[in-house]
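2 protein chains.
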Amino acid sequence: MTSAPAPSFNPGKGIGSPVGIALLGYGTVGSEVMRLMTEYADELEHRIGGPLEVRGVAVSDKSKPRPGVPDELLTDDAFSLVKRDDVDIVVEVIGGIDYPRKVVLAALKAGKSVVTANKALVAAHAAELADAADEANVDLYFEAAVAAAIPVVGPLRRSLAGDQIQSVMGIVNGTTNFILDAMDSSGAGYDESLAEATRLGYAEADPTADVEGHDAASKAAILASLAFHTRVTSDDVYCEGITNISAEDIRAAKQADHTIKLLAICEKITDSNGETAISVGVHPTLIPRSHPLAAVNKSFNAIFVEAEAAGRLMFYGNGAGGAPTASAVLGDVVGAARNKVHGGRAPGESTYANLPIADYGETPTRYHVDMEVEDRVGVLADLAQLFADRGISLRTIRQEESGEGARLIVVTHQARENALAATVEALKDNPAVKSINSVIRLERG
Amino acid sequence: MTSAPAPSFNPGKGIGSPVGIALLGYGTVGSEVMRLMTEYADELEHRIGGPLEVRGVAVSDKSKPRPGVPDELLTDDAFSLVKRDDVDIVVEVIGGIDYPRKVVLAALKAGKSVVTANKALVAAHAAELADAADEANVDLYFEAAVAAAIPVVGPLRRSLAGDQIQSVMGIVNGTTNFILDAMDSSGAGYDESLAEATRLGYAEADPTADVEGHDAASKAAILASLAFHTRVTSDDVYCEGITNISAEDIRAAKQADHTIKLLAICEKITDSNGETAISVGVHPTLIPRSHPLAAVNKSFNAIFVEAEAAGRLMFYGNGAGGAPTASAVLGDVVGAARNKVHGGRAPGESTYANLPIADYGETPTRYHVDMEVEDRVGVLADLAQLFADRGISLRTIRQEESGEGARLIVVTHQARENALAATVEALKDNPAVKSINSVIRLERG
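Here the protein sequences line up with chains F and G, keeping their order. Note that our numbering has the first sequence beginning at 1, numbered continuously upward. Note that our numbering has the second sequence beginning at 1, numbered continuously upward.
So that you can see chain F by itself, here it is in the shape it has in the complex (with noise of 0.2 Å):
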């Protein structure tokens, strides 16, 4: 099937050529989007103007029994798959980098559109993704790769591409949140939140990539790509998970009327020399409970966007699973069918803006320090001082009896990251201060 200039786009109205498609990988995402297909085959011909015809899904073992693919279809050579002349889109939902990284390409460089949910492979390869594609002037998308069924990349891509975009703040991650959210509504411990949404299924069986925050760090890259017109890749995002949440931390937030929240920011900030740069960064974050994304629990996502003519917006919906992440595989494989069977290409990689990545220091933020001191004249105003001499000022000061001694819990106005966390340094030093016991940022706002 060649890519032709349509002389006129009316879908439903009059059916095409068939669109050839590759599926690689039929997990959980994989053998819903073929249920899907299968199920709405009608539907989805007229919504693309032809029928999508799948020619083959790639699997690693062809003997496993796999429901709802008939068995000639069945393949172990995704390379030569992508490969024939009657496949138009690939669907690569395989997951890993390596080799889904090499397979892509491979598709990309014989001129196929591809359609991936993998935020791994697109925020560390996003530019060699984009490059290839461009090359081959074929499509390249990705919305599954963030949040799942919540339309994004859509929306920053065509959209909010009128708008000059300020920051993207979102819950990106459904096994973080079920578990702060655990925490929250039940008081339990990291441990046991961690335990239980493992036993529903909410959490893998190392939930490693989740837990230390490097799957939304993929995601904050993603995004802070689209909002910011620049290439951002994983590397460039500061992380930092949940781990050390404690149950006393989330007490103590819902004292104040806030709640914890893993957050990915991107936003654009301006130096200490007075550049403008990006700042992306994933780490647990203190909400007051009246902003929009207090309301999300369970292992929901939700991104809220500031942007200069729209003001804010949220997203919300499911950001994982099976179903929902087919949803937004299967909308992609429509919008790069339309562009086979009516022509035109989806809008590319925009990277004009080409921004520096701030270091983390530099980012503005507020921090929470909760810390056990003695109990002494003086030890308030050595320790204020700290503050003071990095140019921070205090916000609140909290001092309760605790054993012998007393807790302070101190927030700050906002100041720049690497003078807070310098006064955290001096702090520990201090010898007023016998220990530290969580230190947390703010949404600042």
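To be clear, the hints were calculated from the coordinates, so they are not data collected in a lab. Check the hints yourself; a few may be wrong.
Chain copies aren't distinguished; within one or between two, either way the pair holds.
Derived EDC-like pairs (lysine to aspartate or glutamate); straight-line CA-CA distance at most 20 Å [unchecked claim]: (1) K268 x E39; (2) K434 x E372; (3) K298 x D191; (4) K268 x E43; (5) K268 x D235; (6) K268 x D42; (7) K298 x E212; (8) K434 x E404.
For clarity, every value in this text was computed on a predicted model and none was experimentally measured.
Guided by the hints, dock chain G onto chain F, whose structure is given.
Here is chain G on its own, set in the frame of chain F:
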């Protein structure tokens, strides 16, 4: 400029020919569109792949000062402007129906793509406009017509194009949401809250179109068309405004941990003949405070979508105002301009499903009936029988003392609208019922 098949689509890497813009209307939205096009000309040029050039601004009165528009661009002859050879895209932000309809049709017939923010026009004449756009093979964009800056037209047309939408439910009118929210938080009555909305600029001098639900009905028609691939016009929408909502209704809702919102509800239903049909209505609706839409306060809008694979999604943001509307308009301008520079067309009208529009009496819903009744033996049994006669079962019944009689609040289980409405008529005719205080539908779920 001709719309050529592009050899390479690479925004920001190569700059193409200019794209000529005709701006029709220079009110709150038009002037913001102009400001953003001027202020961010470089950004937009990179994102499109060519510069936007405003060829003319059509206004009804050329003598009025129009800050931001060079004199030589002003014209009062919109019809000549839209036909100019150097105009590629026509932006309609005039408002009204008859006059913009004529100009937009003239523009489409002259081969210009059109971006409009005009919900009334699109809801009344979508078919005629879409046919004209198809015939000329140009784009018709109207993201700003529903909920301004909130991306919803794009997500329904593209991101969710692989999914099956079951319902779309939204707060799509900021004026009525402001009034209902004010009533909810202050306990004030309707008139007082409307007066406050007018004073603060959230309601127009003549608020009829908002408070009677007509504005929401236009948006409901557009949403239903997109969600169900069927032509739905504002005439197909059942419409009931908020003018009868009393402080007492709000108080009673609060007591039951509910709130009242004016919702546009579009859903696929099974009618009494067992056929799938579309039900579209706008009416005040009781929703539990735990529902995501309950937290949408002030003049904010939100659209709640349920789809088979994606599950529940919500889109939230500013649903009105100059800048948010201009954001959506410019997003569409960028889309149409990309197509002019690089070739291709946006997905057009999709009406293949062509589902019947159900009579609103067929809609399954639930009623909350608040009435004054006589306080004597047997009344409750008699009245309950009126529901039972029509096959309606009751979910909750609350009886309170009220003067010499009793106040009875009944919440039904789900039944068809016409059975519920007939029951209310029978209640009115029953001598034991002194008055019906209010009848409000509950969100089914």
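Fill in: Hints the structure fails to honour
Of the numbered hints, all hold.
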